[in-house]
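Colleague: For the sequence shown, the residue numbers in this note's numbering are 8 to 282.
Since the hints were made in silico from the structure, they are not lab data.
There's no promise every hint is true.
What the hints assert, rightly or not - Pairwise CB distance ranges, derived in the manner of DEER restraints:
id: 1; residue 1: W98; residue 2: K252; range: 19 to 27 Å
id: 2; residue 1: S244; residue 2: W131; range: 46 to 54 Å
id: 3; residue 1: V42; residue 2: A124; range: 47 to 55 Å
id: 4; residue 1: G87; residue 2: G228; range: 33 to 41 Å
id: 5; residue 1: E230; residue 2: D46; range: 32 to 40 Å
id: 6; residue 1: I191; residue 2: R24; range: 56 to 64 Å
id: 7; residue 1: G78; residue 2: D197; range: 45 to 53 Å
id: 8; residue 1: D198; residue 2: Y133; range: 36 to 44 Å
id: 9; residue 1: S244; residue 2: N212; range: 12 to 20 Å
Predicted model, so just to flag it, every value in this text is computed and none were measured.
No residue lacks a Cβ here, since even glycine has one placed at the ideal position from N, Cα and C.
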Amino acid sequence: GAGLTESQLLTDLDEDRLRSTLWPKVAGAQVLHEVFPVDSVDFMYMTASAGTVFGVPGQGAYAAGNAYLDGLARARHRQGGHGASLDWVAWQGLGFGSDAQVVVDELARHGSRPVTAAEAFAAWEYASTFDIAHLVMAPMPSTDTSADSSALGAARASVPVWSEMSADEVLAELEAGLRAVLAIELRIADDDVDSDRPFAEMGLNSVMAMSIRREVEQLAGIELSATMLWNHPTIASLAAHLAEKVAPQATSDADESGGESGDSLLDSLFDSVEN
Numbered sequence: 008g009a010g011l012t013e014s015q016l017l018t019d020l021d022e023d024r025l026r027s028t029l030w031p032k033v034a035g036a037q038v039l040h041e042v043f044p045v046d047s048v049d050f051m052y053m054t055a056s057a058g059t060v061f062g063v064p065g066q067g068a069y070a071a072g073n074a075y076l077d078g079l080a081r082a083r084h085r086q087g088g089h090g091a092s093l094d095w096v097a098w099q100g101l102g103f104g105s106d107a108q109v110v111v112d113e114l115a116r117h118g119s120r121p122v123t124a125a126e127a128f129a130a131w132e133y134a135s136t137f138d139i140a141h142l143v144m145a146p147m148p149s150t151d152t153s154a155d156s157s158a159l160g161a162a163r164a165s166v167p168v169w170s171e172m173s174a175d176e177v178l179a180e181l182e183a184g185l186r187a188v189l190a191i192e193l194r195i196a197d198d199d200v201d202s203d204r205p206f207a208e209m210g211l212n213s214v215m216a217m218s219i220r221r222e223v224e225q226l227a228g229i230e231l232s233a234t235m236l237w238n239h240p241t242i243a244s245l246a247a248h249l250a251e252k253v254a255p256q257a258t259s260d261a262d263e264s265g266g267e268s269g270d271s272l273l274d275s276l277f278d279s280v281e282n
């Protein structure tokens, strides 16, 4: 299977980039389909991506190309052909997914992980015994939850007990944590991260924002909206927003106004739509 990726959100894609990403998968598969009709070959397996199922930030065009393979495999199956479109998760040490932490993080969020080459070929051999046109080739979550529980416990233990901190302490801790996250992602020193400078001016793009969201979720210990960084585009504004979520009592004590701001209302609307 041919593969070309373009790390951009759909809203940022132009027609040329969309075509260049789709073409290797779509054109290549269509040529093989026309050159080798269903009744001329014993089988046809197409290498696709589980990104069409799990979703990978910034890879919408790539996912669309792989979805075409899924549809073509089902069409050939209806015509009596044998074979399938195999939607693979990342392979360990192979392909663009092996070096993309955001791919590994997305798989982990769905209870999966990259596969080894041995696992992949064993799964392919097993899948070939079934007459199914479209298969998702992904490891199932482990039945041994002890390691996961230990990791989860360690992650939770690393999150500060926000309710035991004053409003100023909560805000300072969040700002320091956000500054460290941004510095690592942007590959700059902590001291070069300006709390009042918009993220976009510091070089943050849409795909990087997805990775940062995961880190900020671990920092705060809560799930966050995908629009978080765009609604609160500086460290100072984001820290204030997070403080309201992780320690509402502390922030309400510090702010006697008691009213809900327009920003918090907007966030509530976004959260309700996403959920």
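Colleague: Look at each hint and say if it fits the structure.
Modeller: These are the hints, each one checked on the structure:
Checking the proposed 19 to 27 Å range against W98 and K252 shows it is violated: the Cβ atoms sit about 37 Å from each other. With their beta carbons about 49 Å apart, S244 and W131 fall inside the hinted range of 46 to 54 Å. Between V42 and A124, the C-beta spacing of about 29 Å breaks the proposed range 47 to 55 Å. Taken as a hint, the range 33 to 41 Å is violated for the pair G87 and G228, whose Cβ atoms sit roughly 54 Å apart.
Range check, E230 to D46: about 51 Å between beta-carbon atoms, so the 32 to 40 Å window is missed. Distance hint check for I191 and R24: the Cβ-Cβ separation is about 28 Å, which falls outside the suggested range of 56 to 64 Å. Range check, G78 to D197: about 48 Å between beta-carbon atoms, so the 45 to 53 Å window is met. For the hinted restraint 36 to 44 Å between D198 and Y133, the CB-CB distance of approximately 54 Å leaves it violated.
S244 and N212 have their C-beta atoms about 19 Å apart, which keeps the hinted 12 to 20 Å range intact.
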